[in-house]
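Enquirer: The chain contents come next:
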Amino acid sequence: MIDKTGTLFDAAHLVKDDDVIGLGGLTIYRRPVGLVKALIQQEEPPQNLTLLAFTAGIGADMLVGAGLVNKVRTCYFGLEIFGLAPNFTAAANKGKLDIIEESEASLACGIRAQLAGVGFIPSLAWQGTDMFSVRPDVKLIEDPYSGEQLTAFPAISCDVAVIHVLKADRSGNCVLGGNPTIDLELAIIATTVIITAEEVVDKIEGKIDIIGDNIDIIIRLPGGAHPTSCYPLYPIDGQEILRYITYCKRGQLNEYLEGLSLTPVSLSNSLG
Amino acid sequence: MIDKTGTLFDAAHLVKDDDVIGLGGLTIYRRPVGLVKALIQQEEPPQNLTLLAFTAGIGADMLVGAGLVNKVRTCYFGLEIFGLAPNFTAAANKGKLDIIEESEASLACGIRAQLAGVGFIPSLAWQGTDMFSVRPDVKLIEDPYSGEQLTAFPAISCDVAVIHVLKADRSGNCVLGGNPTIDLELAIIATTVIITAEEVVDKIEGKIDIIGDNIDIIIRLPGGAHPTSCYPLYPIDGQEILRYITYCKRGQLNEYLEGLSLTPVSLSNSLG
Amino acid sequence: MKNNSFYASELMAVCISRQIVDGEIVAQGIATPLVAAGYLLAKLTHAPNLTFVSAIGQSICQDAAPIGLATIEMLWIKQGKMTIGFVEGAADFLPTFEPKEFFRPGQVDPFGNFNNIYIGGSYKYPRLRLPGSGGIPDVTAYGNNIYLYVPRHGRHTFVKSLDFRSGLGHDPGRKRGAGAHYLISDLGQFDFDEESGQMRIQSLHPGVSLDRLKVKTGFELLIPSKIPETDGPTNEELRLIREEIDPFEIRTLEMLGGVRRKQKLL
Amino acid sequence: MKNNSFYASELMAVCISRQIVDGEIVAQGIATPLVAAGYLLAKLTHAPNLTFVSAIGQSICQDAAPIGLATIEMLWIKQGKMTIGFVEGAADFLPTFEPKEFFRPGQVDPFGNFNNIYIGGSYKYPRLRLPGSGGIPDVTAYGNNIYLYVPRHGRHTFVKSLDFRSGLGHDPGRKRGAGAHYLISDLGQFDFDEESGQMRIQSLHPGVSLDRLKVKTGFELLIPSKIPETDGPTNEELRLIREEIDPFEIRTLEMLGGVRRKQKLL
Numbered sequence: 000m001i002d003k004t005g006t007l008f009d010a011a012h013l014v015k016d017d018d019v020i021g022l023g024g025l026t027i028y029r030r031p032v033g034l035v036k037a038l039i040q041q042e043e044p045p046q047n048l049t050l051l052a053f054t055a056g057i058g059a060d061m062l063v064g065a066g067l068v069n070k071v072r073t074c075y076f077g078l079e080i081f082g083l084a085p086n087f088t089a090a091a092n093k094g095k096l097d098i099i100e101e102s103e104a105s106l107a108c109g110i111r112a113q114l115a116g117v118g119f120i121p122s123l124a125w126q127g128t129d130m131f132s133v134r135p136d137v138k139l140i141e142d143p144y145s146g147e148q149l150t151a152f153p154a155i156s157c158d159v160a161v162i163h164v165l166k167a168d169r170s171g172n173c174v175l176g177g178n179p180t181i182d183l184e185l186a187i188i189a190t191t192v193i194i195t196a197e198e199v200v201d202k203i204e205g206k207i208d209i210i211g212d213n214i215d216i217i218i219r220l221p222g223g224a225h226p227t228s229c230y231p232l233y234p235i236d237g238q239e240i241l242r243y244i245t246y247c248k249r250g251q252l253n254e255y256l257e258g259l260s261l262t263p264v265s266l267s268n269s270l271g
Numbered sequence: 000m001i002d003k004t005g006t007l008f009d010a011a012h013l014v015k016d017d018d019v020i021g022l023g024g025l026t027i028y029r030r031p032v033g034l035v036k037a038l039i040q041q042e043e044p045p046q047n048l049t050l051l052a053f054t055a056g057i058g059a060d061m062l063v064g065a066g067l068v069n070k071v072r073t074c075y076f077g078l079e080i081f082g083l084a085p086n087f088t089a090a091a092n093k094g095k096l097d098i099i100e101e102s103e104a105s106l107a108c109g110i111r112a113q114l115a116g117v118g119f120i121p122s123l124a125w126q127g128t129d130m131f132s133v134r135p136d137v138k139l140i141e142d143p144y145s146g147e148q149l150t151a152f153p154a155i156s157c158d159v160a161v162i163h164v165l166k167a168d169r170s171g172n173c174v175l176g177g178n179p180t181i182d183l184e185l186a187i188i189a190t191t192v193i194i195t196a197e198e199v200v201d202k203i204e205g206k207i208d209i210i211g212d213n214i215d216i217i218i219r220l221p222g223g224a225h226p227t228s229c230y231p232l233y234p235i236d237g238q239e240i241l242r243y244i245t246y247c248k249r250g251q252l253n254e255y256l257e258g259l260s261l262t263p264v265s266l267s268n269s270l271g
Numbered sequence: 000m001k002n003n004s005f006y007a008s009e010l011m012a013v014c015i016s017r018q019i020v021d022g023e024i025v026a027q028g029i030a031t032p033l034v035a036a037g038y039l040l041a042k043l044t045h046a047p048n049l050t051f052v053s054a055i056g057q058s059i060c061q062d063a064a065p066i067g068l069a070t071i072e073m074l075w076i077k078q079g080k081m082t083i084g085f086v087e088g089a090a091d092f093l094p095t096f097e098p099k100e101f102f103r104p105g106q107v108d109p110f111g112n113f114n115n116i117y118i119g120g121s122y123k124y125p126r127l128r129l130p131g132s133g134g135i136p137d138v139t140a141y142g143n144n145i146y147l148y149v150p151r152h153g154r155h156t157f158v159k160s161l162d163f164r165s166g167l168g169h170d171p172g173r174k175r176g177a178g179a180h181y182l183i184s185d186l187g188q189f190d191f192d193e194e195s196g197q198m199r200i201q202s203l204h205p206g207v208s209l210d211r212l213k214v215k216t217g218f219e220l221l222i223p224s225k226i227p228e229t230d231g232p233t234n235e236e237l238r239l240i241r242e243e244i245d246p247f248e249i250r251t252l253e254m255l256g257g258v259r260r261k262q263k264l265l
Numbered sequence: 000m001k002n003n004s005f006y007a008s009e010l011m012a013v014c015i016s017r018q019i020v021d022g023e024i025v026a027q028g029i030a031t032p033l034v035a036a037g038y039l040l041a042k043l044t045h046a047p048n049l050t051f052v053s054a055i056g057q058s059i060c061q062d063a064a065p066i067g068l069a070t071i072e073m074l075w076i077k078q079g080k081m082t083i084g085f086v087e088g089a090a091d092f093l094p095t096f097e098p099k100e101f102f103r104p105g106q107v108d109p110f111g112n113f114n115n116i117y118i119g120g121s122y123k124y125p126r127l128r129l130p131g132s133g134g135i136p137d138v139t140a141y142g143n144n145i146y147l148y149v150p151r152h153g154r155h156t157f158v159k160s161l162d163f164r165s166g167l168g169h170d171p172g173r174k175r176g177a178g179a180h181y182l183i184s185d186l187g188q189f190d191f192d193e194e195s196g197q198m199r200i201q202s203l204h205p206g207v208s209l210d211r212l213k214v215k216t217g218f219e220l221l222i223p224s225k226i227p228e229t230d231g232p233t234n235e236e237l238r239l240i241r242e243e244i245d246p247f248e249i250r251t252l253e254m255l256g257g258v259r260r261k262q263k264l265l
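Protein chains in written order, with numbering that gives the first Met the number 0: chain A, 0 to 271; chain B, 0 to 271; chain C, 0 to 265; chain D, 0 to 265.
Okay, chain A solo, but in the shape it has when bound:
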């Protein structure tokens, strides 16, 4: 078996300026928060990233707050019942973010177009809404059979995907443990795929959710989703999310991240 395990340091260096970075998981569930922190805390973090996520949550908000992201591609950016994502909301309100407005269907069709190698997938979605006014790049197409006007959602590409998983083997096969979201598709369309895993094993007995062939690097990172959940290992840490919001509202994201750097996983050890 080809051993693809590496360090957080190696992984963080795979994210380059101007990359489209796709984050696995769902809002506050199984997000790759540990890798996001490692990205931010590098000496020279990547700049001008485009963030791609089916729904964006706390990890994405950290990237925005730390100034790594200038473009956002998602259909929801928030912290669910914990409220608005503080850095995203502040940056968006100031007009500092280029938002590529998406919906579930536009993301789903865009990913499928990318997988199929075609430029678009047609859909009934968005017809009659104002979405086109903020996405002038999305074209309409006439159904050649019925003549109906359809929305032609364009293909979506991804340079580097970052996905936190329950378990991985050294070749990159992964078990997600629920909430599959778009992680399998993301791992396939991304040019480079970074996996952080609660556990790295020699061989996974039983079924897998992501096949290792497309995976580039695997980092053992227990607690790497905290304060988001990693079902069934640990639940959402709501108190920590609230603490994050408090710091961010004071403009103290750096202080928050510094205070964290040894928890829940020792970054310095992992970097070694």
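Calculated from the structure, these hints are not laboratory results.
Keep in mind that a hint or two might mislead.
Unchecked claim - For each label pair, taking beta carbons as the anchor points, the in silico distance ranges come out as:
1. A:D136 x C:F247: 40 to 46 angstroms
2. A:M0 x D:D170: 38 to 44 angstroms
3. C:P246 x A:L232: 23 to 29 angstroms
4. A:E141 x C:I222: 41 to 47 angstroms
To be verified - Below, in silico cross-link-like pairs of lysine-lysine (DSSO-like), each with a Cα-Cα straight-line distance of 27 angstroms or less:
5. A:K206 x C:K225
6. A:K206 x B:K206
7. B:K93 x D:K123
8. C:K159 x A:K206
9. C:K80 x B:K202
Said to hold, decoys possible - Some chain B residues well away from chain D (every beta-carbon gap over 10 angstroms; in silico):
10. M0
11. Q41
12. K70
13. G116
14. L139
15. D158
16. D215
17. P221
18. E257
Yeah, the Cβ is synthetic: ideal placement off N, Cα and C, and Gly gets one too.
With chain A held as given, fit chains B, C and D onto it using these hints.
Expert: Leaving out everything else, chains B, C and D in the frame of chain A:
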């Protein structure tokens, strides 16, 4: 729980003249052979059916041989290592069948178009082949982003789907036991769905493969896939498939079916 | 907020429950515990054959479980009968199954068009950027099972004219599907006139006056000649909500503003 | 059919195995036990990191298992690490993963175009209707990993002009992907000239003369100045095929005509 269990007799009556009938399973794996026999052995079997199958095998061949089918929509019609499907091959050679030539991609895209409610899904498939010469209904479309010429596979509809499953509950939730093929999608796009099941239980503990909401009738029919397999309960019965081929090559499909009518499951009992 | 012996959140959950028909499929978005309470109440009362489709877990569930905050995945992953990823779900299954879903608008206009993108200012420089539209511009464009809920009825939400239309309502230009059938707020129940598509009072909640409703609504509502009072919860409904469905009162988080919500969460 | 101390089916499996590169993904159609034998041989020798994608079971496998006829599902379902339905597989994954796949043409022309629809007569009234094209018109139109195999080399298969082109070969009009890289038959190995796209002899199997090959081929092959003999199987390769991979000789079914195949099956 809404009890949807019924008899083979009830189920067979749900298939009407001119229907598109979709068969679940794969060539010689988990095919609804028992229900097919019941369809044929009715006093007035339905006529002018269009057969829809991802791959068509022995059950489909019986329907063709018994004269119920005048149109076939599939990408493969054969008995795998056991050779050609005798009735299909004979009918096709005589020009007696209207064949809607399909491929894996045209079926996949056609089903997806139907699910999405759009008239077509674009694809790279078929470009440069002769497939368009026998499918003049399949249109080309220009990708509005790249200008590339793509194949616009039209939506595929289905009137009645017949699927054999390992286990079902009375509301129609099903466990397939492997080889999911297109059965889930077929159950969703079909107007009427008939399930034959090795076992009918009050409640399925654990995961299901097909959700009961779209299911219309469930018939307990142990051995209902024979001589095709029903993994993991029974394997392909190769000897029986060869016997079938021998009878059919002699033009004795009726004799073959009559000789079978009490095995592997008593039709008369089930009809009661 | 206390009316007689129940809270507005409880009445809203009960009203949501009453909109559910046995045997149908309901969809559950993210951060909508009030809706979850309503669905679960329906499941435990008149709709035992209800099927849930959940964004969290991307699963289809047929069993009920109490609402938990940190443990919400228990409900949707552990009890999930079937998992369907977001790509398949959004592209294939939402258009086919058309599950009934309750959406919470950031703004809603008299015709049930709604907005979850931004409020005030311009798109580029909004007064308040909202999280986004999720699947709203999709299902409202083709679906027939759109329902709305507004936990805090006010003029900031019920507006004459939207800043952005991400959810399609009753619009003469609509080509498929139908605008929202129903809206429930903490003040009353509403439907939409079949001819004009305009929002109409169906009932006012106990203790809510028509004047108060008018003050809180930024546009003219259609007013029937006789306005009934919303039927309150039964004792059994209240018991189910309080003891079995949502013992930690997570539903009430949706009723609160940021500061009070945070106090509740801490 | 016996050459030295091995059968043509064994040599073909060995040649297929040699086309496999460690770490890649190979696809396995239906009714192709000879190809399965070749893939499994590669897995057990030089390609331990081979991943299989199988039409039967619609699964992705990473472990090897012996070939069985009635129990073929054991291999693909029981050992499957991941299941991907046909719709997803055909629409999403084949275009992205582009697995290496060996197809068996009903007819093949000098440019590696091929036909699995019908032979002789017309489309409406064929002399012989074939089962159909499976995914051939799809992956040959865009894929880069097309390989061919012909168990019984003859003029009925190697034809100057196809009755129907369901598989795209080396064609100047091709917009994506590439024509077949390689063809193995029971007589020899072939590749395609990079300039002209024409089929070229790579090697002749032991005991096969160029004259015999020419008689059995319905068009002019490109003939290199020196024609090597195909390397025979090693003792270890033969042992693996006979004892571990395919003890029931299921691979040989692909070598037989209808009558002899039936005798073997009975």
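Enquirer: Now, for every hint given, state plainly whether the structure supports it.
Expert: Structure-based check of all given hints:
no.: 1; hint: A:D136 x C:F247: 40 to 46 angstroms; in the structure: holds (45 angstroms)
no.: 2; hint: A:M0 x D:D170: 38 to 44 angstroms; in the structure: holds (40 angstroms)
no.: 3; hint: C:P246 x A:L232: 23 to 29 angstroms; in the structure: holds (25 angstroms)
no.: 4; hint: A:E141 x C:I222: 41 to 47 angstroms; in the structure: holds (44 angstroms)
no.: 5; hint: A:K206 x C:K225; in the structure: violated (61 angstroms)
no.: 6; hint: A:K206 x B:K206; in the structure: holds (14 angstroms)
no.: 7; hint: B:K93 x D:K123; in the structure: holds (8 angstroms)
no.: 8; hint: C:K159 x A:K206; in the structure: violated (53 angstroms)
no.: 9; hint: C:K80 x B:K202; in the structure: holds (11 angstroms)
no.: 10; hint: M0; in the structure: holds (27 angstroms)
no.: 11; hint: Q41; in the structure: holds (28 angstroms)
no.: 12; hint: K70; in the structure: holds (14 angstroms)
no.: 13; hint: G116; in the structure: holds (16 angstroms)
no.: 14; hint: L139; in the structure: holds (12 angstroms)
no.: 15; hint: D158; in the structure: holds (19 angstroms)
no.: 16; hint: D215; in the structure: holds (22 angstroms)
no.: 17; hint: P221; in the structure: holds (19 angstroms)
no.: 18; hint: E257; in the structure: holds (23 angstroms)
Violated hints, in rising order: 5 and 8; the structure is consistent with all others.
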